[in-house]
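Just so you know, the protein sequences line up as chains A and B, in that order.
First residue of the first sequence: 94, per the numbering used here; consecutive thereafter.
First residue of the second sequence: 94, per the numbering used here; consecutive thereafter.
Hints are supplied without guarantee of correctness; some may be wrong.
Remember, identical chains collapse to one label, so a pair may be satisfied in a single copy or spanning two.
Straight-line C-alpha distance at most 20 angstroms; calculated EDC-like pairs for lysine to aspartate or glutamate [stated by the list, open to error]:
| # | residue 1 | residue 2 |
| --- | --- | --- |
| 1 | Lys155 | Glu166 |
| 2 | Lys155 | Asp245 |
| 3 | Lys297 | Asp245 |
| 4 | Lys297 | Asp364 |
| 5 | Lys169 | Asp196 |
| 6 | Lys174 | Glu184 |
| 7 | Lys155 | Asp138 |
| 8 | Lys169 | Asp185 |
| 9 | Lys169 | Glu335 |
| 10 | Lys155 | Glu210 |
| 11 | Lys297 | Glu168 |
| 12 | Lys155 | Glu249 |
| 13 | Lys132 | Asp227 |
| 14 | Lys174 | Glu290 |
| 15 | Lys169 | Glu249 |
| 16 | Lys313 | Asp227 |
| 17 | Lys355 | Glu279 |
| 18 | Lys355 | Glu366 |
| 19 | Lys169 | Glu290 |
| 20 | Lys355 | Glu175 |
| 21 | Lys132 | Glu290 |
| 22 | Lys174 | Asp245 |
| 23 | Lys174 | Asp196 |
Since the hints were derived computationally from the structure, they do not count as laboratory data.
No experiment lies behind these values; they were computed from the predicted model shown.
Residues per chain, in single letters:
Number of protein chains: 2
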Amino acid sequence: MQSEAVRQKAAEQDRRTLTVYHIPVCPFSQRLEILLTLKGFHQVDFQVVDITRPRPEWLLEKTRGTTALPVLETEKGEIVKESMVILQYLEDRFPEPAVAQRDPYRHAVEGMMNAMEGDFGAWGYRYVMNQDPDEREAFRQGMLDRYARLNDFLLEHNPSGMYLFEDFGLAETVFTPFFMRFWFLEYYEGFDLPPEERYARVRKWRDACVAHPAAQQVTKEQIVKLYYDYAKGAGNGALLPERSRSSFALEPYWRSRPWPPKDKYAHHATDGELGLSG
Amino acid sequence: MQSEAVRQKAAEQDRRTLTVYHIPVCPFSQRLEILLTLKGFHQVDFQVVDITRPRPEWLLEKTRGTTALPVLETEKGEIVKESMVILQYLEDRFPEPAVAQRDPYRHAVEGMMNAMEGDFGAWGYRYVMNQDPDEREAFRQGMLDRYARLNDFLLEHNPSGMYLFEDFGLAETVFTPFFMRFWFLEYYEGFDLPPEERYARVRKWRDACVAHPAAQQVTKEQIVKLYYDYAKGAGNGALLPERSRSSFALEPYWRSRPWPPKDKYAHHATDGELGLSG
Numbered sequence: 094m095q096s097e098a099v100r101q102k103a104a105e106q107d108r109r110t111l112t113v114y115h116i117p118v119c120p121f122s123q124r125l126e127i128l129l130t131l132k133g134f135h136q137v138d139f140q141v142v143d144i145t146r147p148r149p150e151w152l153l154e155k156t157r158g159t160t161a162l163p164v165l166e167t168e169k170g171e172i173v174k175e176s177m178v179i180l181q182y183l184e185d186r187f188p189e190p191a192v193a194q195r196d197p198y199r200h201a202v203e204g205m206m207n208a209m210e211g212d213f214g215a216w217g218y219r220y221v222m223n224q225d226p227d228e229r230e231a232f233r234q235g236m237l238d239r240y241a242r243l244n245d246f247l248l249e250h251n252p253s254g255m256y257l258f259e260d261f262g263l264a265e266t267v268f269t270p271f272f273m274r275f276w277f278l279e280y281y282e283g284f285d286l287p288p289e290e291r292y293a294r295v296r297k298w299r300d301a302c303v304a305h306p307a308a309q310q311v312t313k314e315q316i317v318k319l320y321y322d323y324a325k326g327a328g329n330g331a332l333l334p335e336r337s338r339s340s341f342a343l344e345p346y347w348r349s350r351p352w353p354p355k356d357k358y359a360h361h362a363t364d365g366e367l368g369l370s371g
Numbered sequence: 094m095q096s097e098a099v100r101q102k103a104a105e106q107d108r109r110t111l112t113v114y115h116i117p118v119c120p121f122s123q124r125l126e127i128l129l130t131l132k133g134f135h136q137v138d139f140q141v142v143d144i145t146r147p148r149p150e151w152l153l154e155k156t157r158g159t160t161a162l163p164v165l166e167t168e169k170g171e172i173v174k175e176s177m178v179i180l181q182y183l184e185d186r187f188p189e190p191a192v193a194q195r196d197p198y199r200h201a202v203e204g205m206m207n208a209m210e211g212d213f214g215a216w217g218y219r220y221v222m223n224q225d226p227d228e229r230e231a232f233r234q235g236m237l238d239r240y241a242r243l244n245d246f247l248l249e250h251n252p253s254g255m256y257l258f259e260d261f262g263l264a265e266t267v268f269t270p271f272f273m274r275f276w277f278l279e280y281y282e283g284f285d286l287p288p289e290e291r292y293a294r295v296r297k298w299r300d301a302c303v304a305h306p307a308a309q310q311v312t313k314e315q316i317v318k319l320y321y322d323y324a325k326g327a328g329n330g331a332l333l334p335e336r337s338r339s340s341f342a343l344e345p346y347w348r349s350r351p352w353p354p355k356d357k358y359a360h361h362a363t364d365g366e367l368g369l370s371g
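Chain A on its own, in the form it takes in the complex (with noise of 0.2 angstroms):
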């Protein structure tokens, strides 16, 4: 009898389980870990998704055909797409702690850094996955360029502050994962923020995103051996000509794999030298 009411109770829990369908060190699935680390909240199952082999069958029927990911099914069977989207609803969901501003103009005010996330995201992938040695320069500048307009917000709206408001908010749980890969860029790259007041701001804001407690999901080392293949300009887990697995690859585990050859413009790594023959 007892065994009978611990099983009733146990499906009940698992039915008011939220899950998140995820490709990890995915950025738009670390700002739910991070959103959820504020909010304290743990009563969510994260599935891994293998991103270097086709979508699984029953991911599509609750999709409806959609690869893209995270996604998060309800206890109810409800499907919420679109990072952005599913933050708000957990924001909505799970009110306290609040992540995102009450008031209404802060909320607008962090909106409209929010209004930025795409554009400064999408730039930041294109110049790592850029294979043409003499468009470098121009994406160095279009990044820089973005940087700097993440600064002048901070300028208008928190000059002295550490982040958009006093703590880590909403804009800091968008922006830190982007970050965090554009780690990327800093060893296939060489790039960074240079020392001038242009980006004195934001770098401030940068860093203290990324050393936050409720951000630390992913490592640099992570981050530079998986997106080994987007730097070789092969995105989503496509494969590399002469390559049998991807940077991406569930296994081997990337830890035990040696750090990627920087030269991305030159040489391509095999397999063996990627740790990922084994």
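Place chain B on chain A using the hints.
For chain B alone, kept in the frame of chain A given last:
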């Protein structure tokens, strides 16, 4: 004494007024007008900015150099940009009657639909601005695919209804201005949704949206006349060769001008043909 009190009251009233700087017939501005109409809120001062002239200095000072409109200024002089952010701000400030959904999942559903608006709108604008006859079919097909995506989404969430939910709400506020702008595709490209099942649900939605009493800020005649220059490849009030006035000019008033020629590919209408020389 009484006149002093009146003056003070007026000044007080003034300070409590929101101002929107906008371009007449801009779809992003119409979103705000629709939302305010749905809320029955009329204390917003809409200030017209002439798109055919450089932005005035006082406005650039408010926006810190950005030229995109609409921009909202609060009674405290705070600036809010980006139509989606302004809609949220107005919803937060004036919550009754609600236009956005309040239930977290329903709010996420309208969020997912609104996440399609950027690509949907951008495609329609690129289509009308296309000058290469060989590209017409690809643009038409791309437009149809985007309508089909909306169709699927509506079928998933409200197969037999009219709107996304019971009433004209946030998603309708966001998409209706595009449905109305796309009258320019009907006129200059002969584009319409074919009478096929694939578009039946989105056609029903679109037709209900454009017919809604809260969305009657513009007319087809106005759109077709003002957007002639877009159909010839010149956006944002830019001047075409051998023309002295943009079709977006505030004078002569659009109503007094003739309907423009439909042929955008072979014919270049003069100021005179467009009723702009008067």
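Consistency of the hints with the structure:
1. Lys155 with Glu166: Only inside one copy: Lys155 and Glu166 sit 9 angstroms apart there, 43 angstroms across copies, limit 20 angstroms.
2. Lys155 with Asp245: So Lys155 and Asp245 pass the 20 angstroms test across copies only (14 angstroms; inside, 42 angstroms).
3. Lys297 with Asp245: So Lys297 and Asp245 pass the 20 angstroms test inside one copy only (13 angstroms; across, 45 angstroms).
4. Lys297 with Asp364: Classified as neither; 38 angstroms inside a copy, 54 angstroms across copies.
5. Lys169 with Asp196: So Lys169 and Asp196 pass the 20 angstroms test across copies only (14 angstroms; inside, 31 angstroms).
6. Lys174 with Glu184: within (15 angstroms within a copy, 23 angstroms between copies)
7. Lys155 with Asp138: Within one copy only: 16 angstroms inside, 46 angstroms across.
8. Lys169 with Asp185: within (16 angstroms within a copy, 28 angstroms between copies)
9. Lys169 with Glu335: For Lys169 and Glu335, neither the intra-copy (45 angstroms) nor the inter-copy (62 angstroms) Cα distance is at most 20 angstroms.
10. Lys155 with Glu210: Neither way: Lys155 and Glu210 sit 27 angstroms apart in one copy and 23 angstroms across, limit 20 angstroms.
11. Lys297 with Glu168: Neither. Shortest intra-copy (40 angstroms) and inter-copy (32 angstroms) distances fail the 20 angstroms Cα cut-off.
12. Lys155 with Glu249: between (43 angstroms within a copy, 12 angstroms between copies)
13. Lys132 with Asp227: neither (45 angstroms within a copy, 54 angstroms between copies)
14. Lys174 with Glu290: neither (39 angstroms within a copy, 26 angstroms between copies)
15. Lys169 with Glu249: between (43 angstroms within a copy, 16 angstroms between copies)
16. Lys313 with Asp227: Neither, since 27 angstroms and 47 angstroms both go past 20 angstroms.
17. Lys355 with Glu279: within (10 angstroms within a copy, 53 angstroms between copies)
18. Lys355 with Glu366: within (12 angstroms within a copy, 62 angstroms between copies)
19. Lys169 with Glu290: For Lys169 and Glu290, neither the intra-copy (51 angstroms) nor the inter-copy (30 angstroms) Cα distance is at most 20 angstroms.
20. Lys355 with Glu175: Cα proximity of Lys355 and Glu175: none, with 33 angstroms in one copy and 40 angstroms across.
21. Lys132 with Glu290: neither (35 angstroms within a copy, 45 angstroms between copies)
22. Lys174 with Asp245: between (31 angstroms within a copy, 15 angstroms between copies)
23. Lys174 with Asp196: Close across copies (16 angstroms), not inside one copy (26 angstroms); limit 20 angstroms.
Checked against the numbered hints above, the structure violates hints 4, 9, 10, 11, 13, 14, 16, 19, 20, 21; every other hint is satisfied.
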